[in-house]
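As given, the protein sequences belong to chains A and B, one line each in that order.
In terms of my numbering, the first sequence opens at residue 984 and continues consecutively.
In terms of my numbering, the second sequence opens at residue 266 and continues consecutively.
Simulated from the structure, these hints should not be mistaken for lab results.
Ideal Cβ positions, reconstructed from N, Cα and C, are used throughout, including at glycine.
Fair warning: there could be bad hints in the mix.
Said to hold, decoys possible - Heads up, incomplete: computed chain A residues facing chain B, CB under 8 Å, no partners named: (1) Ile996; (2) Val1130; (3) Pro1131; (4) Gln1132; (5) Ile1159; (6) Arg1160; (7) Ala1163; (8) Asn1164; (9) Leu1166; (10) Asn1224.
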Amino acid sequence: MALEIRPLEQFKIDRLIPIHIGGVDVSYTNAAFLMTIAVLLITALLVFGTRKRALVPGRWQSIAEMSYEFVADMVETNVGHGGQEFFPFVFTLFMFILFANFLGLVPYSYTVTSQIIVTFALAAVVFIGVTIIGIVRHGFHFLRLFVPQGVPAALLLLLVPIELLSYCIRPFTLAIRLFANMLAGHTMLAIFGGFAASLGLLGIFPMGIDILIVALEVLVAALQAYVFAILTCLYLSDAINLH
Amino acid sequence: MDLSSAKMIGAGLACIALVGAGIGIGNVFSALINSVARNPAAQGQVQPFAFLGFALAEATGLFGLAIAFLILFVF
Chain A
984 MALEIRPLEQ FKIDRLIPIH IGGVDVSYTN AAFLMTIAVL LITALLVFGT
1034 RKRALVPGRW QSIAEMSYEF VADMVETNVG HGGQEFFPFV FTLFMFILFA
1084 NFLGLVPYSY TVTSQIIVTF ALAAVVFIGV TIIGIVRHGF HFLRLFVPQG
1134 VPAALLLLLV PIELLSYCIR PFTLAIRLFA NMLAGHTMLA IFGGFAASLG
1184 LLGIFPMGID ILIVALEVLV AALQAYVFAI LTCLYLSDAI NLH
Chain B
266 MDLSSAKMIG AGLACIALVG AGIGIGNVFS ALINSVARNP AAQGQVQPFA
316 FLGFALAEAT GLFGLAIAFL ILFVF
């Protein structure tokens, strides 16, 4: 094969500004750079979008208001009225993942959410936060979450460990879902791109497929941000309302 | 059997996971079409759940696909 395909090369982390503090590598990497851009873009969209405060919103104000209302609706319907105080957290999560996913689709940029450590850190924050909220709100009563209502006592011996296990693997499934979606999508793009490069004139067919995959990836990028946010809402609802 | 052919076979086997994802996504959207055909007014209410189900079902298949890629390109 004349042209070697290395589809996973796009996930390599480069140190842009090497920083070492006490033997710990805290370099400013390309992943950190993309995260900075994502945060700056979100801030710019919301600050400049709402600056005019027009009664009839313009384009940018509409986008800012739509994203706000979208997440506010999601929190309201899934957590209930008591969940509005967690709206800023869910909104931040949603916007960050959405922008990180979309920025990853820009050619030659970097997909932050394709690093499992990033998604796992986000999922761990959700998991630990939800558990703490549940314990603070309900105290010892929080353990009722693991005991299903209206079940015979004999069955509880089986069900409680399952409920406990399914609670404990939540951060892993939450992290791996986002990570695997981003990794698989972008690897697929690179593989078909490699086919297109090595096939010459016939490469137009894999290129056509690549264009379709990009369309799918745009959908997936938005959808995975939505799924992450809505699952966060559902977990919050579990901790606040205890089923 | 040498390592590279074993890798190919392993990656192919890992892609079987996509069967389940296909069935799942088909189920989700067939249920959506069924429910909207019965009650078109409910479309706005059920569509978000359909896309949530689609994303959850698709993710399980992608776990398998990610494993296939890892087998092929990492090890």
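Okay, the hints, checked on the actual structure:
no.	hint	in the structure
1	Ile996	violated (15 Å)
2	Val1130	violated (25 Å)
3	Pro1131	violated (21 Å)
4	Gln1132	violated (23 Å)
5	Ile1159	holds (7 Å)
6	Arg1160	holds (4 Å)
7	Ala1163	holds (4 Å)
8	Asn1164	holds (5 Å)
9	Leu1166	holds (5 Å)
10	Asn1224	violated (19 Å)
Hint violations for this structure: numbers 1, 2, 3, 4, 10, all remaining hints satisfied.
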